[in-house]
Amino acid sequence: MRRPSSEKRSWSKEEDQRLIDHVQKHGERCWPSLPRATGLRRCGKSCRLRWLNYLKPDIKRGDFGEDEEDLIIRLHALLGNRWSLIAGRLPGRTDNEVKNYWNSHIRKKLIQMGRHDPNSNNVGDRYIKRSTLNSNNIANQKDDHEASNVVNNLHNNVTTHKNLIDDGEEEDDDDNHQASESSTSKPKFNLNAFPDLNLDLTLTTTYHSNNN
DNA sequence: AATCCATCCAACCGCGGCAGG
DNA sequence: GCCTGCCGCGGTTGGATGGAT
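Position 109 of the first sequence, counted from 1, bears residue number 109 in full-length UniProt numbering, the numbering being contiguous throughout.
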């Protein structure tokens, strides 16, 4: 088993406080020089991670709600393992937290339901491939901006085809995955299964806004 | 009470993108 | 165009914890 080059150890309260003080004073930047400035015996990346995932004031701790879980599932179907993008849609949640929650809870649940292939790390690819976004395959997207465009296009697409979606009947995964080979197949998201789910998938707003 | 085992999640690593020189 | 440093991301690891035996 590979031995990590730097020993894993938890952050003490004092370390946290030093980090908080420094970031509040100097902002979220210059991470590489932060350890020297604060006297912390951590690397800059470690400090950054600690701040972004746990110390930042707007971090939301605690269990994920059902609506959050639904949203994660949907976004993962669209984006695959783009955890930072997914987390961006969940106010107060971090990519690490979403990723861990996915791996420890949701993935297991979907496997039990027969809705997720454990050998595939990217459920989203299957959905994207069978969508009409054939020229915007998410798996090939190189940055968040492009991915954002894809999401927005997909949102438009979903809206366009909303009235084509049947009422509440779960889709047959196998059939639909096979159908992914067909470039003429329409995206068939079961929106009715998630009546409260907001699909306003722009990156700059949160997921509750488009009803007014 | 002791041990084993599975699970969770905080933390680390490696890599790619980007900006500045 | 190349190099270097910084930043951010996704994948992985390993310690902590709790349940089962």
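Calculated from the structure, these hints are not laboratory results.
Where is the CB? At the ideal position from N, CA and C, for every residue including glycine.
Don't take every hint at face value.
[Unchecked claim] Computed Cβ-Cβ distance ranges for the label pairs, DEER-style:
1) K108 <-> P57: 28 to 36 Å
2) K25 <-> R61: 20 to 28 Å
3) P32 <-> M113: 39 to 47 Å
4) R36 <-> E69: 39 to 47 Å
5) M113 <-> S12: 16 to 24 Å
6) G65 <-> H26: 17 to 25 Å
7) N96 <-> G27: 17 to 25 Å
8) G65 <-> C43: 32 to 40 Å
9) E69 <-> S33: 35 to 43 Å
10) K108 <-> R9: 39 to 47 Å
[To be verified] Keeping only pairs whose Cα atoms sit at most 20 Å apart, straight-line, the calculated PhoX-like set for lysine-lysine is:
11) K56 <-> K45
12) K109 <-> K56
13) K45 <-> K25
14) K25 <-> K13
15) K99 <-> K60
16) K108 <-> K60
17) K109 <-> K99
18) K99 <-> K45
19) K13 <-> K56
We went through each hint and held it up to the structure:
1. The hinted range of 28 to 36 Å is satisfied by K108 and P57, whose Cβ atoms lie roughly 32 Å apart.
2. Between K25 and R61 the CB atoms are about 24 Å apart, so this pair conforms to the stated range of 20 to 28 Å.
3. Taking 39 to 47 Å as the suggested C-beta distance range, the pair P32 and M113 conforms, at roughly 44 Å.
4. Hint check: R36 to E69, Cβ distance near 41 Å, so the stated range 39 to 47 Å holds.
5. With their beta carbons about 42 Å apart, M113 and S12 fall outside the hinted range of 16 to 24 Å.
6. Range check, G65 to H26: Cβ separation about 35 Å, and the 17 to 25 Å hint is violated.
7. Range check, N96 to G27: about 21 Å between beta-carbon atoms, so the 17 to 25 Å window is met.
8. Evaluation of the 32 to 40 Å hint for G65 and C43 yields a pass: the beta carbon distance comes to about 34 Å.
9. A C-beta distance of roughly 39 Å is found between E69 and S33, which places it inside the suggested range of 35 to 43 Å.
10. For the hinted restraint 39 to 47 Å between K108 and R9, the CB-CB distance of approximately 29 Å leaves it violated.
11. About 15 Å separates the Cα atoms of K56 and K45, which keeps this hinted pair within 20 Å; it holds.
12. Only pairs whose Cα atoms come within 20 Å are accepted, and K109 paired with K56 is rejected, the gap being roughly 30 Å.
13. At roughly 18 Å between alpha-carbon atoms, K45 and K25 fall within 20 Å of each other, so this suggested pair holds.
14. For a cut-off of 20 Å, the pair hint linking K25 to K13 stands: about 18 Å separates their Cα positions.
15. Taking the CA atoms of K99 and K60, the gap is near 15 Å; set against the 20 Å cutoff, the hint holds.
16. This hinted pair does not check out: K108 and K60 have alpha carbons roughly 23 Å apart, beyond 20 Å.
17. Between K109 and K99 the CA atoms are separated by roughly 14 Å; this keeps the pair inside 20 Å, and the hint holds.
18. Between the alpha carbons of K99 and K45 the distance comes to roughly 18 Å, so the proposed pair stays at or under 20 Å and holds.
19. Our distance criterion of 20 Å between C-alpha atoms is met by K13 and K56, whose separation comes to about 14 Å.
In this structure, the hints that do not hold are numbers 5, 6, 10, 12, 16, in rising order.
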